[in-house]
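**Student:** The lines below spell out each chain.
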Amino acid sequence: SQQGEEDPQALSIQEGENATMNCSYKTSINNLQWYRQNSGRGLVHLILIRSNEREKHSGRLRVTLDTSKKSSSLLITASRAADTASYFCATGYGAAGNKLTFGGGTRVLVKP
Amino acid sequence: DGGITQSPKYLFRKEGQNVTLSCEQNLNHDAMYWYRQDPGQGLRLIYYSQIVNDFQKGDIAEGYSVSREKKESFPLTVTSAQKNPTAFYLCASSISQGGYTFGSGTRLTVV
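Those protein sequences? They're chains A and B, same order as listed.
Under my numbering, the residue at position 21 of the first sequence is numbered 21, and the numbers go up by one with no gaps.
Under my numbering, the residue at position 3 of the second sequence is numbered 115, and the numbers go up by one with no gaps.
None of these hints come from the bench; they were simulated from the model.
These figures come from a predicted structure and were not determined experimentally.
Cβ atoms here follow ideal geometry from the backbone N, Cα and C, with glycine treated the same way.
Take these hints with a grain of salt, some might be off.
What the hints assert, rightly or not - Simulated restraints, written as ranges between beta carbons of each label pair: (1) ALA82(A) with LYS121(B): 16 to 24 Å; (2) THR221(B) with ALA82(A): 24 to 32 Å; (3) GLY175(B) with GLN9(A): 22 to 30 Å; (4) ASP150(B) with SER58(A): 28 to 36 Å; (5) GLU17(A) with LYS182(B): 44 to 52 Å; (6) ILE172(B) with ASN22(A): 19 to 27 Å; (7) ILE172(B) with GLU15(A): 24 to 32 Å; (8) SER39(A) with GLN129(B): 22 to 30 Å; (9) GLU17(A) with GLN129(B): 19 to 27 Å; (10) THR64(A) with ILE207(B): 19 to 27 Å; (11) GLY114(B) with LEU75(A): 29 to 37 Å; (12) PRO8(A) with ILE172(B): 23 to 31 Å; (13) GLN14(A) with ASP166(B): 47 to 55 Å.
What the hints assert, rightly or not - Coverage of chain A stretches by chain B, computed from C-beta distances (three or more under 8 Å per stretch; other residues unrestricted): (14) 36–44; (15) 99–110.
Start from the sequences and build out the full structure, keeping to the hints where you can.
**Tutor:** See the structure below:
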């Protein structure tokens, strides 16, 4: 079963705009991770946020986690055409926190 | 360079045939995973292994088998019992509490 559900399913923006996508999950987690997938390729790890963290930054990426609402958001600032991809959230659970359940993804199109 | 290699990139299977997908990593990661991705969908866990000589079923293990005889290798066999095997298969590895490193995937098609 898929624990994480992304919203929206698809997003189209102009280059330079910000892109925000959300992820909701159902049960307690150890950590939450975001990945990017270009068409037909493997996934690339973007950022990991632990259950006791509330916000994390990496370059133009900002991730928030609200465990009381069981939700997370990924913000990409000043988007570029190269950011066009599908973005997946994945929830890690168990003692090691490294068994992940992936959501269905948000497809982002950045128009030049 | 450290990484994870999947082969082949494309694979065609005839009805009733078993096929094996290769996954090799040189990252010294203990854990390895196999996921299946259908068009426009997220990833579903087939099997995972936290340590050599041990592996666990994921959410959709029926029709698949794995082995973990070496730390570096985690091959996946798609058996004839898997009735709808056409999909994109992704292998990954990780350390505890870390993000996954994915291979570039194998696209399997039944002909």
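**Student:** For each hint, tell me whether it holds in the structure or not.
**Tutor:** To see whether the hints hold, each was checked on the structure:
no., hint, in the structure
1, ALA82(A) with LYS121(B): 16 to 24 Å, "holds (23 Å)"
2, THR221(B) with ALA82(A): 24 to 32 Å, "holds (29 Å)"
3, GLY175(B) with GLN9(A): 22 to 30 Å, "holds (28 Å)"
4, ASP150(B) with SER58(A): 28 to 36 Å, "holds (29 Å)"
5, GLU17(A) with LYS182(B): 44 to 52 Å, "holds (47 Å)"
6, ILE172(B) with ASN22(A): 19 to 27 Å, "holds (26 Å)"
7, ILE172(B) with GLU15(A): 24 to 32 Å, "violated (38 Å)"
8, SER39(A) with GLN129(B): 22 to 30 Å, "holds (28 Å)"
9, GLU17(A) with GLN129(B): 19 to 27 Å, "violated (49 Å)"
10, THR64(A) with ILE207(B): 19 to 27 Å, "holds (25 Å)"
11, GLY114(B) with LEU75(A): 29 to 37 Å, "holds (30 Å)"
12, PRO8(A) with ILE172(B): 23 to 31 Å, "holds (26 Å)"
13, GLN14(A) with ASP166(B): 47 to 55 Å, "holds (50 Å)"
14, 36–44, "holds (count 5)"
15, 99–110, "holds (count 7)"
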